[in-house]
Amino acid sequence: MTDIESETVINIAKQFSPFPAGRVREDGKYSGMRFREEILTPALRKYKRVKVVFDGVAGLGSSFLEEAFGGLVRLESMDKEFLDMHLQIYTSEEELKDFVRMANYHIENATPQKQSA
Amino acid sequence: MRKSTHKTKQRNSILSRNAYRRISRKKKGSYKRVTKPRVTRQDEIQCPEVFSLDMNFDAVVSTLTRIRAQSKINKESHTDQVFIHLHTIQEISPAAALVLVAEIYYWVRLGKSRRLKANDLSEWNPKVRKQMDDMGFFGLLGISSHERENTDNKDIRYLKFRTGKKSEGEKIAKLMDELQLLVGEMPHAPRLYNAVTEAMTNVRQHAYPHEQIVSNWWLTASHHKVKGELKILIYDQGIGIPKTLPKMLTQDVVSTLRRNHAGLIEKAHNLDRSASKEDHRGNGLAEMIEYLSKLNCSGSYRVVSLYGEYLFKKTESKQSVRKNNHNVPLRGTLIEWDVKLAND
Numbered sequence: 001m002t003d004i005e006s007e008t009v010i011n012i013a014k015q016f017s018p019f020p021a022g023r024v025r026e027d028g029k030y031s032g033m034r035f036r037e038e039i040l041t042p043a044l045r046k047y048k049r050v051k052v053v054f055d056g057v058a059g060l061g062s063s064f065l066e067e068a069f070g071g072l073v074r075l076e077s078m079d080k081e082f083l084d085m086h087l088q089i090y091t092s093e094e095e096l097k098d099f100v101r102m103a104n105y106h107i108e109n110a111t112p113q114k115q116s117a
Numbered sequence: 001m002r003k004s005t006h007k008t009k010q011r012n013s014i015l016s017r018n019a020y021r022r023i024s025r026k027k028k029g030s031y032k033r034v035t036k037p038r039v040t041r042q043d044e045i046q047c048p049e050v051f052s053l054d055m056n057f058d059a060v061v062s063t064l065t066r067i068r069a070q071s072k073i074n075k076e077s078h079t080d081q082v083f084i085h086l087h088t089i090q091e092i093s094p095a096a097a098l099v100l101v102a103e104i105y106y107w108v109r110l111g112k113s114r115r116l117k118a119n120d121l122s123e124w125n126p127k128v129r130k131q132m133d134d135m136g137f138f139g140l141l142g143i144s145s146h147e148r149e150n151t152d153n154k155d156i157r158y159l160k161f162r163t164g165k166k167s168e169g170e171k172i173a174k175l176m177d178e179l180q181l182l183v184g185e186m187p188h189a190p191r192l193y194n195a196v197t198e199a200m201t202n203v204r205q206h207a208y209p210h211e212q213i214v215s216n217w218w219l220t221a222s223h224h225k226v227k228g229e230l231k232i233l234i235y236d237q238g239i240g241i242p243k244t245l246p247k248m249l250t251q252d253v254v255s256t257l258r259r260n261h262a263g264l265i266e267k268a269h270n271l272d273r274s275a276s277k278e279d280h281r282g283n284g285l286a287e288m289i290e291y292l293s294k295l296n297c298s299g300s301y302r303v304v305s306l307y308g309e310y311l312f313k314k315t316e317s318k319q320s321v322r323k324n325n326h327n328v329p330l331r332g333t334l335i336e337w338d339v340k341l342a343n344d
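Protein sequences, first through last, are from chains H and P. The numbering of the first sequence is my numbering, which starts it at 1 and goes up by one. The numbering of the second sequence is my numbering, which starts it at 1 and goes up by one.
Each statement offered as a hint is correct.
Under the rule of at most 25 Å between Cα atoms (straight-line distance), these lysine-lysine pairs were calculated in the PhoX-like manner: (1) K14(H) x K174(P); (2) K294(P) x K174(P); (3) K267(P) x K318(P); (4) K227(P) x K130(P); (5) K14(H) x K48(H); (6) K171(P) x K14(H); (7) K130(P) x K160(P); (8) K127(P) x K227(P); (9) K323(P) x K313(P); (10) K29(H) x K165(P); (11) K127(P) x K154(P); (12) K29(H) x K174(P); (13) K97(H) x K171(P); (14) K340(P) x K323(P); (15) K160(P) x K29(H); (16) K294(P) x K97(H); (17) K171(P) x K29(H); (18) K313(P) x K227(P); (19) K340(P) x K318(P); (20) K174(P) x K97(H); (21) K294(P) x K318(P); (22) K51(H) x K14(H); (23) K72(P) x K165(P); (24) K340(P) x K174(P); (25) K340(P) x K227(P); (26) K130(P) x K340(P); (27) K225(P) x K171(P).
Computed from the model, here is a short list of chain P residues facing chain H with C-beta under 10 Å: (28) S167; (29) A195; (30) T197; (31) E198.
Simulated restraints on C-beta separations: (32) E91(P) x E26(H): 35 to 45 Å; (33) E26(H) x S122(P): 39 to 49 Å; (34) E26(H) x D43(P): 33 to 43 Å.
By construction, these hints were calculated from the structure, which means they are not laboratory data. From the three backbone atoms N, C-alpha and C, an ideal C-beta is built for every residue, glycine too.
Using the sequences plus the hints, can you model the full thing?
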């Protein structure tokens, strides 16, 4: 059940790590999988609107972005229309704006994985 | 003969008592007569004067291969001696130095029975010694290069190598902070961060498919103040890109490129998938070139893995790719970004 009126902001650098890196948990402490499973997905299930802010991160590699954001479609059964309505990705830093586009690209191009029986 | 005085008799008696105690203890086995083990085998490895993968690839790689072979021979034996003559080196490139550091690190990790010691440091070329000290080579062996000569080359600064097993963003961020102190503002810093963390992720995911003593990456950087040249290097001792790639290629491509490691490295950069054969993975290697593409200055991106070498070069007016296969294989994968910052 979502809290209809509320919105939350997730600042990756402050609430997760300024040094995100890697795809799966075995890759390292601040992987895309860990961010998605522990922070992003629970927030999307709880709040009507989630704003993810990239400001302050050292960088965001493609492995991290695809697993964190593409993984919402591939593995968390969230479709693109749902994410369009409930997720906003943002940065005020010019050098990170390309990564906002990349995160949205991964959402657009992700394919839901078939769930095993 | 002089008659013994009372004092002399007393002293002799004490000495005799002590001697008796020593003999007693010896008989009980407390004292073991220690002799140096006889050396049964002695090997010497001469390093080439020019220790550079650019200028002397075959000789350098052959030397590294010999060092690795020695580290594995008779691991438990205390009677073998190996001398690696580094004092012959007159010039060493950062890339070759990093690979050498990794090889020595591997040796050190094998344990105390194969401990390396630095002999004859005074015979080393002072510039080489200083460079290796700056890069952290002697720290690996637990010693410091005490030689204080006027060899401080203010033109080039080398950063200490760092090593790890996983995607450790904090380590690359710290390296970049140190570089920033040397070069000032780093253009497209997030892109460089991404390129290196993707390289680390690739090492973690693909380079070491089997459990082994060392499954690390090694990272370093240098800055040439006069040339305005920044180098960032990362190296692993894994199975190499040409061996991880074939899983995802069609059979006819594999058989065509099988011995063409340079071609396989190029293919790895062009393909939209990584070795895991999954649609959503990939782009890591492409991202490494992208850092250079985004910069408003010239530079190069080089990958050396097994027999293959791939070089992407960018000048202000054009981009080019060059690839070649060497006669001897470099273990693992070396990636080097070389950026001329002056014009950005």
